[in-house]
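Q: Sequence:
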Amino acid sequence: MPGERPDLRPLRRSSLPALAAVVLVLALAIASCIGVRDAGEVRVFSLRAEQVKGDRQGKGSARQEGRPHPSAAVVAAAATAGLALALGIFYSHRRILHGSRRLKRPYELRDWTADPTVSVEDAEAEMIKIISWLQEAVIIPIDKQLPGRPFEYHLQHFPFTATVLIIGNHSSGKSTFINRLLGSSVQETGVAPTDDGFTVLERHAEFDQFEDGPTLMGCPENRAFGDLRQFGRAFSGNFRRKRMVLPESSEMPFGLQIVDSPGMIDLPGSNQSTSKARGYNFIDVVRWWATKADLILLLFDPDKPGTTGETLDVLTKSLAGLDHKFLVVLNKVDQLDNNSDFARAYGTLSWALSKVIPQKDIPMIWTMYNEKEDGPSPTERRHELPLRAFQQKRRDVIKEVLRAKVRHWDNVVTSLEECLRHIGMVAAVLASVCSRVRQQTRLVWGVGSAALAVPWLAILSLLAGLGGNTWPGPGHLLLGAALGYALVCLIARSLMQEYLRQFESLQVADLETHFRLVYRLKFIHSDSEDLCIIWETVRPQIENILRSVPSCAQLPVVPQWEIARIPEVLNRDISYLRQLAKVLRPPEPGFGASGMAKSGK
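FYI, in the working numbering the residues of the sequence shown are 31 to 631.
Read the hints as simulated data drawn from the structure, not as lab findings.
Keep in mind that the hints are not guaranteed to be accurate.
Restricting the straight-line Cα-Cα distance to at most 25 Å, the calculated cross-link-like pairs of lysine-lysine (DSS-like) are [said to hold, decoys possible]: (1) 334 x 423; (2) 390 x 334; (3) 134 x 159; (4) 134 x 272.
None of these values were measured; they are calculated from a predicted model.
Let the hints inform the model, and build the full structure from the sequences given.
A: Okay, here's the thing in structure tokens:
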């Protein structure tokens, strides 16, 4: 199909005849040269014989000797032509191979924003086409060369509905907030944990519908749900979707899905992992949803504003690198009695976030509370805290939720960009580690083999010096020397293997050096904090890949030309996709500074 990444295996097979032709031509050229030399020697011998027989005719013979033989000139010309043909074949082969490595885009990079005739449908089709092709041509070929395919579930699948993920401690007001947004009591609420799984909530125009996890994972409207099969049956049993006909007064729009998650449990004194406690890896599931979501709401309860246990793992692992699209919300502030309680809860949450977020400036904390269905009570009207300001904050949070559809395609492009940067860094650092280990391996085995070959060559020289004579010494001495030499070879082999094993362990333990070496040009004039943040995210993946193989030498090294494609895509194609996302971005009403919308750019 036009535009797809070319398969290089047929090209490599077709290059074998070309290489064979080169070898054949070179052999003919060498043979021709030898023929020319032999012919010259015969000619010189005959001329010298004539010179001996002649009487004082040496000058004429010398002149005849300097004249080239006609057949020798023809052979020399043929050899020259053969060499030229071989070089031409080799050069053509390199040109073909180099051309096949270029990105042959099935689309044209043009300015969509300057075209008034372009439609949203055309821009969306172009967006899906480009992202799908880039994944097939750039990301998937590299991912297939990495053990376990670590980026298989980072790919974009279409169609996929705009998504808002809501996570938080149990009893932090997640379900109540969702019910107020939907305008209907869909999710159960309570002080104790009321939801044990992930629930997708979506507005429907005609009827109510409930779908379980196995059915939902084959949903044609959200093909990305199929990736959730990786988390096993325990997760699919706790995964569901509710489609509802909502009242007309509901603020929930069509084409937006809200994902309600089970409450996070703080277990600071427990060594039991969340995968054993829930039956599936909760941290990885939240990470998957977080990468696919267009907005993430992280809710905290004033009674439990700390970040320990499961909440700590979610902040440091699941939401790492996604600070551009998650909001930290301190909910239920109406339950605080006075300003001192509010300051204590707000300060505790700020201090806890500063301990887990490696930045000087912590994210903005949105303070709100869930308004009662029947309006504010008399107690709320006489509250010491400015509840009216917190109501405005709640409306701002709802506005951010509704804007998830607006920035959906921006977040899709951002996710593709992050995937490209991550897989490029993983491939480059792994290539550096493997190349260093293989280089040292060749050096050690080469030097060791040469050192062991010296005694062997000395013995052979000694035996050759004896000629046809027998060994003058006792026979058991020669046998003992041979056995001793074999024992020395085995010991040397073991020592070299142990040295290489320790050398490889040092390289794996010092991944930071390889990262700095690969990106050394980026650190000349700046600290490259962006690269360091990506490095902290992908480093566990690199460590897992290196632990999955007995030796780095067994890892396939991604070719440099495949890694070099990524900067080209980031510089050209991502900018083009940003233009398409701008065309797909619908107009939205203005909002003040309190809105502080985040974009996926």
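Q: Against this structure, judge whether each hint is valid.
A: Each hint tested on the structure:
A distance of roughly 21 Å separates the Cα atoms of residue 334 and residue 423; the hinted pair therefore holds under the 25 Å criterion. Straight-line distance between C-alpha atoms of residue 390 and residue 334 comes to about 23 Å, which keeps the hinted pair within the 25 Å bound. At most 25 Å may separate the alpha-carbon atoms for a hinted pair to count; residue 134 and residue 159 meet this at roughly 14 Å. For the proposed pair residue 134 and residue 272, the alpha carbon gap of about 43 Å is over 25 Å, so the pair is violated.
Hint violations for this structure: number 4 only, all remaining hints satisfied.
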